[in-house]
Amino acid sequence: MTKDTKILFFSAVAGITFMLGVFTGDHFGQRKGYSKGASDAYCEFRTEIDSLSAEYHQAIDDYRSRCDTITITKYVEVRKIEN
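For this note's numbering, add 1 to where a residue sits in the sequence shown, where the first one is 1.
Since the hints were made in silico from the structure, they are not lab data. Note that CB positions come from ideal geometry on N, CA and C, so glycine has one too. Just so you know, nobody snuck in bad clues.
Derived CB-CB ranges, DEER-like:
#	residue 1	residue 2	range
1	12	56	57 to 65 angstroms
2	23	3	25 to 33 angstroms
3	15	56	49 to 57 angstroms
4	23	57	38 to 46 angstroms
5	14	50	45 to 53 angstroms
6	6	47	54 to 62 angstroms
7	26	50	31 to 39 angstroms
8	44	9	44 to 52 angstroms
Result set (SDA-like, lysine to any residue): computed pairs, CA atoms no more than 25 angstroms apart in a straight line:
#	residue 1	residue 2
9	4	15
10	7	17
11	7	20
12	7	22
13	7	21
14	4	16
15	75	65
16	4	17
Start from the sequences and build out the full structure, keeping to the hints where you can.
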């Protein structure tokens, strides 16, 4: 083997070894870490949705309570004056 062929061969072996390490780490990482991260993200997202839903229902209830209550403060009779 010539010097250039050896460099090319070792570069290819190093690249293949690196990619196998990335794929292996990604596979085991998904099984252990990513799924837990996705679960935590789902729980956080669900909590945020529940909080927004509670605020929405509270705002609707506040609006409806104002519409349900009618307060009469003063009765004034208006008549047209005829000449």
